[in-house]
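**Student:** Read off the chains here:
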Amino acid sequence: MEFFELTETAKKVLLDILGYSVNKEGVIIEKETGKTHICKYTGEPVRFLDAAIMPGSTVIFNASPVTLSEYFEEYLNEGENGERVTTG
Amino acid sequence: MENELPQAEDIPSELDFNQVGFDPNKVLADLALKVGTDIYKKIAASVLEVWVSNGFKKKYGFTPKPRIAKQVLSSRKDASFSTLKICVGSKHWALNSVAVGLYISQLNDSGERDEVNMIRREIKKNKGRRHLNIVHMGSTGVIKGVINHLDDLRLKGFSRISLTEEFERIIAEWDTITIFVHLNDIKTKVQYKIREKLQVRMPLFFVFSYGWEAANIAISAISEIRNNKEIEPEGYLFEGERRFDDVGTRVYMWTFEL
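Chains as they are written, first to last, in my numbering: chain A, 265 to 352; chain B, 30 to 287.
Heads up, none of these hints are tricks.
List time: in silico DSS-like cross-link candidates among lysine-lysine, alpha-carbon distance up to 25 Å:
{"#": "1", "chain 1": "A", "residue 1": "K304", "chain 2": "B", "residue 2": "K156"}
{"#": "2", "chain 1": "A", "residue 1": "K276", "chain 2": "B", "residue 2": "K63"}
{"#": "3", "chain 1": "B", "residue 1": "K88", "chain 2": "A", "residue 2": "K276"}
{"#": "4", "chain 1": "B", "residue 1": "K120", "chain 2": "B", "residue 2": "K185"}
{"#": "5", "chain 1": "A", "residue 1": "K288", "chain 2": "B", "residue 2": "K63"}
{"#": "6", "chain 1": "A", "residue 1": "K304", "chain 2": "B", "residue 2": "K153"}
{"#": "7", "chain 1": "B", "residue 1": "K70", "chain 2": "A", "residue 2": "K299"}
{"#": "8", "chain 1": "B", "residue 1": "K99", "chain 2": "A", "residue 2": "K276"}
{"#": "9", "chain 1": "A", "residue 1": "K304", "chain 2": "B", "residue 2": "K88"}
{"#": "10", "chain 1": "B", "residue 1": "K88", "chain 2": "B", "residue 2": "K114"}
{"#": "11", "chain 1": "A", "residue 1": "K276", "chain 2": "B", "residue 2": "K71"}
{"#": "12", "chain 1": "B", "residue 1": "K94", "chain 2": "B", "residue 2": "K154"}
{"#": "13", "chain 1": "B", "residue 1": "K156", "chain 2": "B", "residue 2": "K120"}
{"#": "14", "chain 1": "A", "residue 1": "K304", "chain 2": "B", "residue 2": "K94"}
{"#": "15", "chain 1": "B", "residue 1": "K258", "chain 2": "B", "residue 2": "K218"}
{"#": "16", "chain 1": "B", "residue 1": "K258", "chain 2": "B", "residue 2": "K226"}
{"#": "17", "chain 1": "B", "residue 1": "K114", "chain 2": "B", "residue 2": "K156"}
{"#": "18", "chain 1": "B", "residue 1": "K88", "chain 2": "B", "residue 2": "K99"}
{"#": "19", "chain 1": "A", "residue 1": "K276", "chain 2": "A", "residue 2": "K299"}
{"#": "20", "chain 1": "B", "residue 1": "K71", "chain 2": "B", "residue 2": "K88"}
{"#": "21", "chain 1": "B", "residue 1": "K154", "chain 2": "B", "residue 2": "K120"}
{"#": "22", "chain 1": "B", "residue 1": "K120", "chain 2": "A", "residue 2": "K304"}
{"#": "23", "chain 1": "A", "residue 1": "K304", "chain 2": "B", "residue 2": "K99"}
{"#": "24", "chain 1": "A", "residue 1": "K276", "chain 2": "B", "residue 2": "K70"}
{"#": "25", "chain 1": "B", "residue 1": "K94", "chain 2": "A", "residue 2": "K276"}
{"#": "26", "chain 1": "B", "residue 1": "K55", "chain 2": "B", "residue 2": "K94"}
{"#": "27", "chain 1": "B", "residue 1": "K55", "chain 2": "A", "residue 2": "K276"}
{"#": "28", "chain 1": "B", "residue 1": "K70", "chain 2": "A", "residue 2": "K295"}
{"#": "29", "chain 1": "B", "residue 1": "K71", "chain 2": "B", "residue 2": "K55"}
{"#": "30", "chain 1": "B", "residue 1": "K258", "chain 2": "B", "residue 2": "K222"}
{"#": "31", "chain 1": "B", "residue 1": "K106", "chain 2": "B", "residue 2": "K156"}
{"#": "32", "chain 1": "B", "residue 1": "K154", "chain 2": "A", "residue 2": "K304"}
{"#": "33", "chain 1": "B", "residue 1": "K94", "chain 2": "A", "residue 2": "K288"}
{"#": "34", "chain 1": "B", "residue 1": "K114", "chain 2": "A", "residue 2": "K304"}
{"#": "35", "chain 1": "B", "residue 1": "K55", "chain 2": "A", "residue 2": "K295"}
{"#": "36", "chain 1": "B", "residue 1": "K71", "chain 2": "A", "residue 2": "K295"}
{"#": "37", "chain 1": "A", "residue 1": "K295", "chain 2": "B", "residue 2": "K63"}
Simulated DEER-style distance windows between Cβ atoms:
{"#": "38", "chain 1": "A", "residue 1": "E289", "chain 2": "B", "residue 2": "V229", "range": "54 to 60 Å"}
{"#": "39", "chain 1": "A", "residue 1": "E338", "chain 2": "B", "residue 2": "D59", "range": "27 to 33 Å"}
{"#": "40", "chain 1": "B", "residue 1": "H211", "chain 2": "A", "residue 2": "E289", "range": "43 to 49 Å"}
Simulated from the structure, these hints should not be mistaken for laboratory data. A quick note: this is a predicted structure, and the numbers were derived from the prediction, not measured. Glycine included, C-beta positions come from ideal geometry on N, C-alpha and C.
Extracted from the complex, chain A is given alone in its bound form:
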């Protein structure tokens, strides 16, 4: 997998294509509803500057080593078909 850092313009276009925009606080919002987009891994609003945009179903989250690792765990797991134990 190859990773790119997008320029501000490129990132805004990609977000627009995916149905998002950025509000004046620098937080990503859903274009249709105006709702703040919440990071699925941290539960916090996704900040434009920190946002990772990853393939799969649209995955936009606050990038950090922890959240990136969670993303890889979830989307790139190509191991066997065990059931996820949910007590963690």
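Guided by the hints, dock chain B onto chain A, whose structure is given.
**Tutor:** Leaving out everything else, chain B in the frame of chain A:
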């Protein structure tokens, strides 16, 4: 018209994501000039379709710090991480924290302490103490000893359920199964801690030291205990591992396994 599916001829050749030298910044910057036009809407629909349907075949990702993403991904390719997945399955709740721990061990080795502390704070805040323990196991290298232990059990025929139970027991007892030797520790105190575990026949525990002074204390303490024949003759397998991190600090870990 806007809702019609885009036709192949509507899509510029630069949008072939598989082409050599694909430059997303150029493609998207060019697209920015077309915002609001019909062609933009059509291209946007095409990009969205490709993105959601096959996700660039998992080929590309966009993140503010590509180097970190690459390193995090590479830590998941560690051989011991693969072994752990064989032991406890690829969906175990602790795997992600183990991977983060392995990533932190790379950072530790290259002396990037600020980033290590930042990650630990994030884990503590968002995941809690148990995950922080796992990360700590990964970052100190102890997790590799734990994985070796689980793999030994697997080769002895233990089921995945049993291996998972053992793994979770180790996580829960992390504080008690690891002895960290600090540079201001005294040898007899370290020996007392080791003997305490040997006497209750703890099935697995570790001694860990970071830095030359702490290692000297640990080596001296363990040597005496070994010379007194208190380890192997009591049924323990004993293994020591030494490495240097990128800033030249000695990192020692000893595994005691029944």
